[in-house]
Amino acid sequence: MESFEPVIVAFCCHYCAYTAADMAGSQRLPYPSNVKIVRVPCSGKVDALHILKAFEKGADGVYVAGCLEGDCHFKNGNDKAARRVDYVKRYLEEIGIESERLMMVRMSAGMGARFAQVATEMTEKIRRLGPSPIKAAAA
Amino acid sequence: MITAERKPLEEIIDYVKPFKRILLLGCNECVTVCAAGGRKEVGLLASGLQMAMLKAGSSIEIREHTLERQCDPEYVEELVPMIDGADAILSMACGCGVQQLAMRFKDKPVFPAVNTKFMGGSQRQGVWDERCQGCGDCLLGITGGICPIARCAKQLMNGPCGGSCDGKCEIGEDVECAWHLIWERLKALGLQDRYLEIMPAKDWRPAGGAGPRKIIREDLAE
Amino acid sequence: MQNTNLSQTSNRVLIVGGGLAGIRAALDLAEAQKDVILVDTAENIGGLMTQLDRTFPTNNCDLCTLAPNLSESGRQEHITLMPMTTLREVTGEQGDFIVTLETAPRYINLERCTGCGECFQAFPECVRFTPGLDHRAPTCMRYPQATPQAFSIDLATCADIEALVKVCPAGAIVPDDIGSKGNVACGAIVLAPGASLFDPSGLDNLGYGELPDVVTSLEYERILSASGPTGGRLLRPSNGQPPKKVAWIQCIGSRGLQKGAAPYCSGACCMFALKEAIVTRERFQEDTETTIFYMDMRTFGKDYELYYQRAKNEFGVRFIHSRPHSILRPEGAENLHLSYTTDDSPVLINEDFDMVVLATGFRIGEEARQLAAVCGIELNDDHFPIHTGLNQVATSRPGIYVAGTFQAPKDIPETMVQASAAACLAGHDVSSPDREQEIPEPLPPERHLVGEEPRVGIFVCDCGENIGGVIDVEALVARVGALPHVTVAQAAGHGCSRESMEHIRATIEQQGINRVVIGGCSPRTHEAKFQDLLRRAGLNKYLLEFANIRDQATWVHSHQPEKATKKAEELIRMALGAVLNAQPLAEHRLPINKNVLVIGGGVSGMTAALELAEQGLKVYLVERNAQLGGLASRIHRTLEGDDVQGFVADLVARTSTHDNIDVITSAIIVDHGGMPGLFKTGMQVGKQLFYRQIEHGITILATGAMPHRPDLFLLGRHEDVKTQLETQQLLEERPELVRDWENVVMIQCVGSRTEDNPNCSRICCQTAVKNALRILEINPEARVFVLYRDMRTYAFQEEYYQQARAKGVIFVRYHQDRPPQVSEVGGKLEVVYQDIILGREVQVSTDCLCLSTGLIAEQDNTEELAMIFKLPRTHDGYFLEDHIKLRPVDLPVPGFFVAGTAHAPKTIAESLVQARAVAARAQTMLASDYISLGAATARVDSKLCAACLICVRACPFGVPFINADGYSEIDPARCHGCGVCASECPAKAIQLMQFEDDRILSKLEQLFEEVEG
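Those sequence lines, one after another, are chains B, H and E.
Add 19 to a position in the first sequence, counting from 1, and you land on the number used in the working numbering.
Add 446 to a position in the second sequence, counting from 1, and you land on the number used in the working numbering.
Add 3 to a position in the third sequence, counting from 1, and you land on the number used in the working numbering.
Since the hints were made in silico from the structure, they are not lab data.
Glycine included, C-beta positions come from ideal geometry on N, C-alpha and C.
There may be inaccurate statements among the hints.
[Stated by the list, open to error] Partner residues are not named here, just some residues of chain B that face chain E (Cβ under 8 Å, in silico):
#1 Ala-40
#2 Asp-41
#3 Leu-48
#4 Pro-49
#5 Val-57
#6 Val-59
#7 Gly-63
#8 Val-65
#9 His-69
#10 Gly-89
#11 Asp-90
#12 Ser-127
Model the full structure from these sequences, guided by the hints.
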């Protein structure tokens, strides 16, 4: 486990987190390369199935990044996403995957530094947790 | 509609553990509408099962398929080409669907992946309430459109009982007293007289007390 | 010389100068369906910005942000581009000018030249090249994305013309080119020739020209640039070694006290130096020391103060408040020697540097002065055009407008805003050409892909150093080229350049590519451009995926090139997976509502409303207060002496009586819905809160800012403590009180540039100078003290600052950590401050204490509007524009624009410029009769639908319904494309186009392919 490099999928809303990631880029704010972004038009578009499939394919961690409360471009897609993430967290526990491996985060388009911080913290957290039990079992 | 809820994963795993190839079947009727066994839930269960089995050290092959309706033999017939590839069938339909499958594919083990709950209606997104128990002798015409069989905890024919308080049932704050509702409704309709009529004890034979029920429409049946 | 008289309709605008301002103005006019002739004396358009490496405060690569604009302008059907062309004569008047244009011979047929470079290879001596630091081989195209994409020949240097002609494979070299001259009619003229930079070689004390390591800031920029002489490596010109210590000296040739200097402040140099210092620290590691010698740090733009703080605190740039007199290199020494004193001690400090950068300011060159003479416009003593009243873009000659650094020294965002404003005014002098038949750009028919195997083309940009400097693009291309279904994988250089785009288009056609992956920057900025490219190549534009390997890999993992490379490959594989599942989509159109909603009845709102109403558009002007006028109605005059009261009164009168303007006062916005081009906004009006809903196509926010009143220095506790705004009112309304004053103390940056409110309020320094001068006018005996941190009297305001000093106003600098102390002694105010030069405390008893409290955003109001309209704000509550440089008045939600102090603190004249810019930008959108809704909408597969109503209940906009056939139906014209229905549908019957499940899942599949293997 000396050099475990987790793979983390970040489903990012186009209007906030994806833009924040661009912001982190233009400000050259470094964060671990473990985080891979999948762009979605709204965090409410992230299907429970997408999250599950990410784990099934081998993700060690997943997070859904949506807009700040009340800031959703589509009214309340971010709140729906948050409820869905909670639902999937419970299912993950049933499956035998630590629910901490899944997280809902919120940020605004201007928060490049927060994007980098979230990516860093999530990577550190997953590093501590070690490889996903699914990946470990498959290996 | 018939409502259902997915069984705990652990129970499902126990069923399918001995098998290698599973045919996981959804139904595009009631269980889709109550978000328990449609195409999407099939996908979620397949993925969850795969992972749980993998974690337990075994692997499983799951084929996903959703029928228009599992309780009709013609739809079930669609499965014939794929049935040989499966060691067992896991159905996300209500009990009717599961049994239809068991009847058709006599040499295949069939397991339910959902608990069939009740006949109900949706209140709002994601919330369903019990409305009917299929007692075979509908009383709604005299109870103001509110069923004391499905909605009274004691299935009283003449209520409410002493457990009714401020319109709520004694079994729980969030359960409305059916008889309170019936009274309010009759009052609103100006039919209070009806309430005063004592209803005789319920004949449970049409409700299944006389054995499994069956409907035959002579004009249609061949 | 050929005579080339263009058609005599004056229905077009002439724009002189193909720099940023000229291009922006041309684009705005063209998008508003007006015809433009864009002339520039240079071989290619682009101006000064093309020589910059990156721009502040985002430190983006300029080429990358500018290139899409340039190519766009080359393409627009309304723009006639005339490089190497000089304006010789202007006759006639507003609406009806005749201009004489002379085009120098290029000796190259632009239509034939492909920019291949064969001529340059064979005859490098015959090419014209841009002077500068270019000590490598000269290049005849000024930068790789040049428009037009063609060379030019210097025939005089060519010994064998015949051989030169033969070397060109395209037969484009025309040695008998004699140039052309002709008359053109036009309705308005926009002058945007830009400014030159001060040449410090005349100053013997700085050693410029003799000491190779003394460079100007633009030359240093070229050294940093990937396309510059050192290929992006920071090397000393003298010995080719990386410098360890670099110093910047500010105000070279500006702020008037040294030999040959101009009296004004050049405005942009402080930020320019900050950027260069930050980039140096960032790109060339921590071991290069950076020091900026400054007089006042003038970081007065929106969020610029934060940039300054970052330079100081995060990047460790050293700031020394001093002005070294000379730069010496002692005999035999390698390094440059500077002597200076600091605030802390009178002792002379000697320090050596490896390089010294001179922050040279803007100058109006001879060419621009001649242009002004040809146009018959008046110039001020500094040779900048004199403007009329508060309208900075109008010259002394009606119908002739100015924009950019020719108007006054300024930075890029302000140049862009001014260019749009000039476009607005010039556009009013001409009407849209009434073409017999609009001839759309001929597009090839879309190829049908039915039955075709996927043939994917992957094009990976190097984006200069941005990508290519971190990862090996060629190696990456080789690896992704081996993936299944990939027909072509290529490095695309600057993929968004004209040349590369053309190459990609040709490749798509020749190789029968049917799906495209671009590995480069963000789809947020460049997707539309490449979609357009696909369409021109005969493909449906949705058969495209972006892998954002710049923002998500090379920019953020630059310290770990292997990881950046691996991630870039993964991102490209993900995009490949997705594009294999892409399907062609059709777009939807709806007729646009051309009404305009302007929120805020101050000078910005009224000006924007009037400009648009004059163009025949219906404008609803909504004001929260009972009267129009805003903050400006409390101001009497500007620093320059313009009568603000009269101006505002006139504006209010014209606004309230205009037929096309519906003024709604005492109104509060309460709800908002719809889409760009078809908005509905509800408001409560009057005391009865009567509800009214307005339908409109665009929204302009001009909600202003409010005077700050922090609880500092006894403000509100002592009657002699006043804000500058109150002082100004007192000076005009009760001048008799001022006659008795002996001492007046002004304190700057009260409640600005602090922890709670870190930004600079921009207007306070000039307001203090204005009020100080006015006090002395009323009472010449008064002693006025201005306690400041940095005097930020930018551009021509500097001359008033000098005037105030000459008249005896005492300016004293204070440190943020040692602010002045104010107390009340026997009813009178006592101010104690630390005098840095005297090195002791000074006590002043003052009759009036004027606090420069500046402006702050009105938190509650802007927060509420931001919530209702879903608009982002800066941390301090101002509305956040879409792109600080390229779209400074456009908000991120399409159809929304911002003007005036709702954007950031600014002067009245600057607010007016922005209001007109907004009017121009609004007209570009309203010129079209339709809005395109895109194709990213939800689609229901009726065969799968269970009619469960979950989508009907989930949709935030109530779009889906169960139709007569018994399944869910989603109107694509009303669908907003959020995808919530698709993710909640239990039957998986709904897919959001462009974000279909299989597209997302195949991204995941591709990502983990290698992880598993």
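Here is what the structure says about each hint:
1. For B:Ala-40, the interface hint holds, the least distance from its beta-carbon to any beta-carbon of chain E being 6 Å, beneath 8 Å.
2. Annotation: interface hint on B:Asp-41 holds; nearest CB of chain E at approximately 5 Å, less than 8 Å.
3. Interface restraint check for B:Leu-48: the shortest CB-CB distance to chain E comes to about 6 Å, inside 8 Å, so the restraint holds.
4. Here the hint on B:Pro-49 is kept, as its CB sits about 5 Å from the closest CB of chain E, short of 8 Å.
5. This hint holds: B:Val-57 has a C-beta 6 Å from the nearest C-beta of chain E, less than the 8 Å allowed.
6. For the restraint placing B:Val-59 at the interface with chain E, the shortest Cβ-Cβ distance is roughly 6 Å, inside the 8 Å limit, so the hint holds.
7. Evaluation of the B:Gly-63 hint against chain E yields a held restraint, the C-beta minimum of about 4 Å falling below 8 Å.
8. About 6 Å separates the beta-carbon of B:Val-65 from the nearest beta-carbon of chain E, less than 8 Å, and the hint is met.
9. At its closest, the beta carbon of B:His-69 sits 6 Å from a beta carbon of chain E; the interface hint therefore holds under the 8 Å criterion.
10. A cut of 8 Å between beta carbons decides the hint on B:Gly-89: the least distance to chain E is about 6 Å, and the hint holds.
11. At a threshold of 8 Å, the smallest CB-CB gap from B:Asp-90 to chain E is about 7 Å, leaving the interface hint in force.
12. Taking 8 Å as the C-beta cut-off, the interface hint given for B:Ser-127 holds, the closest approach to chain E being about 6 Å.
Going down the numbered hints, you'll see the structure goes against none, and every one checks out.
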